[in-house]
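Engineer: Here is how the chains run, residue by residue.
There are 2 protein chains.
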Amino acid sequence: MWWEIASTRLGEPGYPLVENRVQSEIMKFACAEAGPISRSKLTGLIGVSRSKVSMEVQQLLEAGLLVEGGLAKSDGGRRSSLLGIPRSAGVIAAVDLGATSIEVALTTLGGEILVCRSEHADIKDGPKPILRRTKEILSEILGEQSVNPQEVLAIGMGVPGPVEQAAGILRSPPIMPGWDRFPIRSAFAGDYAAPVFIDNDVNLMALGEHWGGVGRGVDNMLFVKVGTGIGGGIIADGHLYRGTHGCAGDIGHISVDPEGPICTCGNPGCLEAMAAAPAIVIEAERRAREGLSPVLAEKLAERGELDAMAVGEAAAVGDYEALEIIRGSGRLIGHVIASLVSVLNPSLIVIGGGVAQIGHSFLAEIRSTVYQRSLPLATRNLPIVLSELEDTAGVMGASVMAAECVLTVAE
Amino acid sequence: MWWEIASTRLGEPGYPLVENRVQSEIMKFACAEAGPISRSKLTGLIGVSRSKVSMEVQQLLEAGLLVEGGLAKSDGGRRSSLLGIPRSAGVIAAVDLGATSIEVALTTLGGEILVCRSEHADIKDGPKPILRRTKEILSEILGEQSVNPQEVLAIGMGVPGPVEQAAGILRSPPIMPGWDRFPIRSAFAGDYAAPVFIDNDVNLMALGEHWGGVGRGVDNMLFVKVGTGIGGGIIADGHLYRGTHGCAGDIGHISVDPEGPICTCGNPGCLEAMAAAPAIVIEAERRAREGLSPVLAEKLAERGELDAMAVGEAAAVGDYEALEIIRGSGRLIGHVIASLVSVLNPSLIVIGGGVAQIGHSFLAEIRSTVYQRSLPLATRNLPIVLSELEDTAGVMGASVMAAECVLTVAE
Chain A
2 MWWEIASTRL GEPGYPLVEN RVQSEIMKFA CAEAGPISRS KLTGLIGVSR
52 SKVSMEVQQL LEAGLLVEGG LAKSDGGRRS SLLGIPRSAG VIAAVDLGAT
102 SIEVALTTLG GEILVCRSEH ADIKDGPKPI LRRTKEILSE ILGEQSVNPQ
152 EVLAIGMGVP GPVEQAAGIL RSPPIMPGWD RFPIRSAFAG DYAAPVFIDN
202 DVNLMALGEH WGGVGRGVDN MLFVKVGTGI GGGIIADGHL YRGTHGCAGD
252 IGHISVDPEG PICTCGNPGC LEAMAAAPAI VIEAERRARE GLSPVLAEKL
302 AERGELDAMA VGEAAAVGDY EALEIIRGSG RLIGHVIASL VSVLNPSLIV
352 IGGGVAQIGH SFLAEIRSTV YQRSLPLATR NLPIVLSELE DTAGVMGASV
402 MAAECVLTVA E
Chain B
2 MWWEIASTRL GEPGYPLVEN RVQSEIMKFA CAEAGPISRS KLTGLIGVSR
52 SKVSMEVQQL LEAGLLVEGG LAKSDGGRRS SLLGIPRSAG VIAAVDLGAT
102 SIEVALTTLG GEILVCRSEH ADIKDGPKPI LRRTKEILSE ILGEQSVNPQ
152 EVLAIGMGVP GPVEQAAGIL RSPPIMPGWD RFPIRSAFAG DYAAPVFIDN
202 DVNLMALGEH WGGVGRGVDN MLFVKVGTGI GGGIIADGHL YRGTHGCAGD
252 IGHISVDPEG PICTCGNPGC LEAMAAAPAI VIEAERRARE GLSPVLAEKL
302 AERGELDAMA VGEAAAVGDY EALEIIRGSG RLIGHVIASL VSVLNPSLIV
352 IGGGVAQIGH SFLAEIRSTV YQRSLPLATR NLPIVLSELE DTAGVMGASV
402 MAAECVLTVA E
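Protein chains in written order, with our numbering: chain A, 2 to 412; chain B, 2 to 412.
Check the hints yourself; a few may be wrong.
Counterexamples of contact, computed for chain B against chain A with all Cβ distances above 12 Å [stated by the list, open to error]:
{"id": "1", "residue": "CYS32"}
{"id": "2", "residue": "SER39"}
{"id": "3", "residue": "GLN60"}
{"id": "4", "residue": "SER89"}
{"id": "5", "residue": "ARG133"}
{"id": "6", "residue": "GLU141"}
{"id": "7", "residue": "ASP192"}
{"id": "8", "residue": "ASP220"}
{"id": "9", "residue": "PRO269"}
{"id": "10", "residue": "GLU286"}
{"id": "11", "residue": "GLU303"}
If you want the footprint, here are the derived chain A segments under chain B, 3+ residues with CB under 8 Å [claimed, not checked]:
{"id": "12", "stretch": "226-240"}
{"id": "13", "stretch": "247-255"}
{"id": "14", "stretch": "341-353"}
{"id": "15", "stretch": "377-389"}
Just a sample of chain B residues kept apart from chain A, beta carbon distances all over 10 Å, derived [to be verified]:
{"id": "16", "residue": "GLY127"}
{"id": "17", "residue": "ASN149"}
{"id": "18", "residue": "GLN151"}
{"id": "19", "residue": "PRO184"}
{"id": "20", "residue": "ARG243"}
{"id": "21", "residue": "ALA302"}
{"id": "22", "residue": "ARG381"}
{"id": "23", "residue": "CYS406"}
By construction, these hints were calculated from the structure, which means they are not laboratory data.
Values in this document were obtained by computation on a predicted structure and should not be read as measured data.
Ideal Cβ placement from N, Cα and C applies to all residues, glycine included.
Turn these sequences into a full structure, and let the hints steer you where they fit.
Structural biologist: Put into structure tokens, the structure is as follows:
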């Protein structure tokens, strides 16, 4: 695997963190458990003998990747001790680059967020300044948490574009000039021995929400992010589905109106061009300037420009025009989601991203459109809910992906 | 698993056919191989020791599920013998029920079709007469092939509606009155000890094409059937993706025109209502009656009614109206496939079903619409091709599914 080569090159062997498939499964189940786990439960989950599990657990305890903590409930005999993943096993650096933000977190190997820092940034500034600032933030929070850079086991990163995951590079990202094929991993190579894993930001939000949010335990889930852009992340049969070039779930460029405005991708009437934050703002500013909405006009005069949240605030105080804009966006997104329900037959739809917070009427319109438009069998028990992790879904997913990668042994 | 209970109830233990996970994997790899396979190759594929593989192979040879046949190429030492699945291991009965046809095949456990019989039937006649006739055909071909009913290892069946696979029943199938929740398995219980496995017909066509057709070896594939209805089958990361209620890929009911005709499902402008065979025929008959197309008018006068093939024939002799109708259907289907390309990022799209054979202009129109409408990264190296197995894709898939099921051990 590439990172074995990479880590050897850095003179830092030790990846993957585990030595065989049973150790890998023990660690992954321990990560997935929301708390300490017993040897008996691990034995049942992995399907090898109890003695084999005990032997491999012993090695993981000696390697410091597991720690004994607490006692299992008695089953009549001697109470056995439970196993957990200690903070001292090392940390994961989880990065979520958005179109307009950098978010960096440190988590345990078990996915617990220790610290999370977010700041405004423009991805269009290009890879060098963005990655330099990302490394500065990472350095700062490592210092604050008194974590040595050598304790970083892996770096996981989400980026707002299509990623060729095996190579760790972006491929022709529409909103990220300068990032096409940029060797992101090499930016960290001088300072961290840890391998770097990269994936699309919405894929990672889906993974985060599936792992630690409202999608926990759900096998078939669709995550839809509505922000500056619109994207989808697909959990199919319990796993993140990436597609052939890592661009599965790229729903922002589904055509909703052949006569619609031209999108950044060059095609007319893409969902993203008609329903994401910039489209909401353009429409709100138009209605403000045309005097249709005094509330929006006042906000525009005050601030010089509007954003999606301002439109949400106007709707919240009962402004009809603002409400209409929000509903219009929800309706278009609902139409596309209805198609996706037919295709994917999920059992949960999660709506995240900045615009998801714009107000209840947005979610209500998505729901009513989907329920009206989809076949009854597919919408039977199909909750459509807001993201539970909100801002931290992305870093959570980045952490989960990175942990998964360093705990996987080559077959 | 349900069929262990079912087969015990029938007084016929022996399922699954294998005793442990290694045997299961040996048999599945032997099935997947298009010919005899060596012990060394199996050892490499399964990732356990050579001696373990040899021991389990010995048991499978004794059970008659494998047979020695032919010699492997020499690697310098003694040439080892290859393993195959003999006809004497038993057969799979594979059934494909279409809206207007019954197709029954016998295959080896390894998926080789021994005989295939097809006849016209109307699924709307309801489960009792259709299943009675299915059993008659099965009985006939068993007799012809001198196969004892006890040699039938499993029955696999595809049906044109949404299937709850674990229960083996249809759920609210739109075009199958009387079939809702009908206990299909029980119809075979008196005559066959073999377990019955049921799935949606298009899912099985996708599986068949993936296993033995143009999709062999392709991890992410979309199969689109265009016939009386329109449906999709999804291969994701190498596996058939069924969704939560088994109705993933139900793309016929994606809305393509809010002002369009009302579909059988009750919604307006579904793809199926506007682009499947009945829509093509309605439009052709209209143009024939209105005198727009002398070629179509002549065919209508001759035969009393048109079908999709007649429209194809008219297009083949250069009739503009017929060509327009076919292109219109291809364009609508292409639009939906373009959306699916964004969502699923497949590396192959296969078009099957009766309408797929209507003529080259149909496929050409689908292609040009998809390539024009999708993002470059997703359509880079994305072949859009006709089904290779054509009529036998469904029974091939039914056979593969059934073999997979009887060769799986409970975890």
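Engineer: Please flag the earlier hints that this structure goes against, numbers listed from lowest up.
Structural biologist: 8, 9, 20 and 22
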